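Visitor: Residues per chain, in single letters:
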Amino acid sequence: GAGVSQSPSNKVTEKGKDVELRCDPISGHTALYWYRQSLGQGLEFLIYFQGNSAPDKSGLPSDRFSAERTGGSVSTLTIQRTQQEDSAVYLCASNKQGSGYTFGSGTRLTVV
Amino acid sequence: TQLLEQSPQFLSIQEGENLTVYCNSSSVFSSLQWYRQEPGEGPVLLVTVVTGGEVKKLKRLTFQFGDARKDSSLHITAAQPGDTGLYLCAGALRGGYQKVTFGTGTKLQVIP
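Keeping their order, the protein sequence lines are chains A and B.
For the first sequence, the numbering used here begins at 1 and goes up steadily by one.
For the second sequence, the numbering used here begins at 113 and goes up steadily by one.
Only chain A is shown next, with the shape it has when bound in the complex (with noise of 0.2 Å):
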């Protein structure tokens, strides 16, 4: 597509569930990041796939958090048993080499 697609937009759920949220990058991009913010503020770095290399997991804040990408393309990342400080914008970027970011328009969770 012509920009990077979240999905979904808005999400809001129970403590102790499962989440999955999802992100469409831009076709010929080999590198998808994501990244987590709070209320507007600086971004956090969560974890980052280059090409087939093994994604980059530094930035994940507990074992509760997981990504895949399929295929080079489609990322999912995963929050199990949600808690309240989970609340947040996840954002999902891609580039090619050398260049800046394109994001996505975000998926902002609220745990409830």
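Since the hints were derived computationally from the structure, they do not count as laboratory data.
From a predicted model like this one, the values you see are computed outputs, not experimental measurements.
Glycine included, every Cβ here is placed at the ideal spot set by N, Cα and C.
Don't take each hint at face value.
[As the list claims (entries may be wrong)] Here chain B is said to cover these stretches of chain A; the calculated rule only asks that three of the stretch's residues, wherever they fall, bring their Cβ under 8 Å from a Cβ of chain B:
| # | segment |
| --- | --- |
| 1 | 28–39 |
| 2 | 48–62 |
| 3 | 101–107 |
Mind docking chain B on chain A? Use the hints.
Guide: This is chain B only, laid out in the frame that chain A set:
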């Protein structure tokens, strides 16, 4: 530990005024990007600077990369209400791959 500190955190000015936003770090970056984010959207790339001392202009916006590649500034001349948003700097560490670290953000409001 926040690698990139932005100042000020908040800025509210009248239309037509000039302003400068600063992005500072103790780390050396191979490149630095500036993004603007509007409510409900992902950040949008404004510019990438890669050479120490580099100055780039984008209409009324002037971006500068410090000589030592540790800091950057964004200057807006004659601010317009359309400039309102969250401004984020993001740096790629020297020797690292594409993953960038985002700054703490500057929220700008331009009052008509």
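Visitor: Would you mind marking each hint as holding or not holding in the structure?
Guide: Right, here's what the structure says about each hint:
{"no.": "1", "hint": "28–39", "verdict": "holds (count 3)"}
{"no.": "2", "hint": "48–62", "verdict": "holds (count 3)"}
{"no.": "3", "hint": "101–107", "verdict": "holds (count 6)"}
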